[in-house]
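Participant: Sequence:
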Amino acid sequence: MMKLEESKRRFFGWKKMKHWIVSCTVLSVLLLLMLVFKESWQEPAQILVFAGMFHPVFLHLPIGMLVIVVLMEVIARMRGRKSHATMPLAMSALTSVIAVVFGYILMRSNTYPEDSIDAHLWSGVIFTVILIWTLFFKLRYNETGRGQRTYWVLLFLSTALMFATGHYGGVITHGDPLDAAPWNQKNDRKQKRGQGVQMQAGAGLGQQLVYEDIVIPILENKCYNCHGPKKSKGRLRMDSYEAMLEGGDEGPCLVPGDPKKSLMIELIHLPEDDEFRMPPEDKPQLTDAETKVITWWVEMGAPQQTKLESLELPDPVRSALQQLFGAKADKPSGKPAATKPDADAPDPAQIKQKYAETVAKLQQKFPGSLTWLSRGDAHLSLNVASVRERFNDEDLALFRDLAPLLSRVDLTAASISDDSAPILASMISLTSLRLSETKVSDQTVAALTGLKQLESLSLYGTEVSDQGVMQLAAMTQLKHLYLWQSKVTHDGIQALQAKLPDCEISIGSQSPQP
1 MMKLEESKRR FFGWKKMKHW IVSCTVLSVL LLLMLVFKES WQEPAQILVF AGMFHPVFLH
61 LPIGMLVIVV LMEVIARMRG RKSHATMPLA MSALTSVIAV VFGYILMRSN TYPEDSIDAH
121 LWSGVIFTVI LIWTLFFKLR YNETGRGQRT YWVLLFLSTA LMFATGHYGG VITHGDPLDA
181 APWNQKNDRK QKRGQGVQMQ AGAGLGQQLV YEDIVIPILE NKCYNCHGPK KSKGRLRMDS
241 YEAMLEGGDE GPCLVPGDPK KSLMIELIHL PEDDEFRMPP EDKPQLTDAE TKVITWWVEM
301 GAPQQTKLES LELPDPVRSA LQQLFGAKAD KPSGKPAATK PDADAPDPAQ IKQKYAETVA
361 KLQQKFPGSL TWLSRGDAHL SLNVASVRER FNDEDLALFR DLAPLLSRVD LTAASISDDS
421 APILASMISL TSLRLSETKV SDQTVAALTG LKQLESLSLY GTEVSDQGVM QLAAMTQLKH
481 LYLWQSKVTH DGIQALQAKL PDCEISIGSQ SPQP
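Note that full-length UniProt numbering has the sequence shown beginning at 1, numbered continuously upward.
Worth double-checking, as some hints may not be accurate.
[Claimed, not checked] Distance condition first, Cα-Cα at most 35 angstroms in a straight line; then the derived DSBU-like pairs of lysine-lysine: (1) Lys-307 with Lys-365; (2) Lys-283 with Lys-82; (3) Lys-283 with Lys-261; (4) Lys-283 with Lys-499; (5) Lys-452 with Lys-365; (6) Lys-82 with Lys-261; (7) Lys-439 with Lys-487; (8) Lys-487 with Lys-283; (9) Lys-283 with Lys-479; (10) Lys-361 with Lys-479; (11) Lys-352 with Lys-499; (12) Lys-365 with Lys-261; (13) Lys-260 with Lys-82; (14) Lys-499 with Lys-260; (15) Lys-479 with Lys-452; (16) Lys-452 with Lys-439; (17) Lys-233 with Lys-260; (18) Lys-260 with Lys-479.
Rather than coming from a laboratory, the hints here were simulated on the basis of the structure.
Using the sequences and the accompanying hints, generate a full structural model.
Facilitator: Spelled out as structure tokens, the structure:
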């Protein structure tokens, strides 16, 4: 203990206080210069952009450390003892400087609402500067017994600014929590969601404006969170027609009449497992109907003031609109009507109990890969993403007993070949199957034709050919088919599309529109 105190005294000693004054002053000036020259710094290099992504990692450290300091000081004061909060205070100041630097880089590599980001930046920099001087006066008080009052004032200011900085940061990432306040609910709901709810509760299709009453509610629910007034990733905003025309870093988001040149259309048609697909996989996805409607809107010129009643709707688009709004006419909440349970259906709890031991063993062998879909559902989801480098045909064979219970299977980039065709064919409950970047061929596709519940199939990056996909022509329940970078030709796509008019067949940016 004595050695620790002696070490601290050598490091924080008053003899070195002049050095501390110079260091704190220089560091404070550098931080404040960020505010002065924030508009003049160009977009950072890619390695700095990567570093900026660690801002969320470091921002919590100074907060936690400062809370510890405050608790230590209060408890020490209550007991009439001298606190030992110097080290956590030093760690709080150090990690705060790192968080500010990384946050500044992150700000320069992304576009955020100016008012929110400015408030967060100013409060964060000032918080860090005051925290640095709080540490200085803590060191001075420890060595000379002077400056205690100044230390307490600065500690109080640091704590207050910590809350302010955290609030403005939360506004950027999650929105203003005051928007959910009871006194804002009525107006906010009416202003932001009124049109969409009104459309859902309407008497049918006809009087609605395509853009205002149909497209905007879809974009608001699925796109505004990352490309709206609160945040604009890639410097792209989609909360106005003009903003979509202007586009972002990657080019025009909307090119009326040309879906192939409209980035928004290109990205929503990418395969589900493509890293550039929008919305990202961790965000709410567009439904089949929403994708069809937005694509059709862009294809016909993206009109702003056109009413539905003035248009001749293609059958797939009419069906999509009815899915979006017609079925919800008597359900304003947007929730599907409850269905009466089948008295003869097996009890999910009994099924889960029957296969519990098998599931547990496979979960232990392949951690994080096998899960039940929900508490009241006896179907399973298999996603081998965490073990794909070592997952092969022999491993998939271990799931043979569970095959009838598998509803969603993602084998992307695993070492799966046509040898697994028989077990895949036995997965009679499959609704979604991803075989992207595997070694399967037409032989496996032939084995899948008996899966009557399969709605989504990804064969992206496989050796499947025209002959293979034509075997899917009888699977009229198929809604999504991803064939990007496969051996399927454009002629093969057109031939299959004629057989499956309601299926969305995607080959990347050149997907034919159903």
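Participant: Keeping to a limit of 35 angstroms between CA atoms, is the pair of Lys-283 and Lys-479 held or broken?
Facilitator: OK: Lys-283 and Lys-479 at ~20 angstroms, within 35 angstroms.
Participant: Given the hint that Lys-439 pairs with Lys-487, does the C-alpha gap stay at or below 35 angstroms?
Facilitator: Roughly 12 angstroms separates the two Cα atoms, so the pair holds.
Participant: Within a Cα-Cα threshold of 35 angstroms, do Lys-499 and Lys-260 meet the stated pairing?
Facilitator: Holds, at roughly 24 angstroms.
Participant: Taking 35 angstroms as the top limit, are the C-alpha atoms of Lys-352 and Lys-499 close enough?
Facilitator: Roughly 39 angstroms between the alpha carbons, so the hint for Lys-352 and Lys-499 is violated.
Participant: If you draw a straight line from the CA of Lys-452 to the CA of Lys-439, is it 35 angstroms or shorter?
Facilitator: Distance of about 24 angstroms is within 35 angstroms: holds.
Participant: Check the hint pairing Lys-233 with Lys-260 against an upper bound of 35 angstroms on the C-alpha distance.
Facilitator: holds (22 angstroms)
Participant: Are the Cα positions of Lys-82 and Lys-261 separated by 35 angstroms at most?
Facilitator: violated (68 angstroms)
Participant: Mind checking the alpha carbons of Lys-260 and Lys-82 for me, to see if they're no more than 35 angstroms apart?
Facilitator: violated (70 angstroms)
Participant: Does Lys-361 pair with Lys-479 here, judged by a C-alpha cut-off of 35 angstroms?
Facilitator: holds (34 angstroms)
Participant: Do the alpha carbons of Lys-307 and Lys-365 lie within 35 angstroms of each other, as the hint requires?
Facilitator: violated (57 angstroms)
Participant: Are the Cα atoms of Lys-365 and Lys-261 separated by 35 angstroms or less?
Facilitator: violated (46 angstroms)
Participant: Has the given pair, Lys-283 with Lys-499, been kept, meaning a C-alpha gap of at most 35 angstroms?
Facilitator: At roughly 32 angstroms apart (the allowed maximum being 35 angstroms), Lys-499 and Lys-283 satisfy the hint.
Hints 1, 2, 6, 11, 12, 13, counting from the list given before, are not met by this structure.
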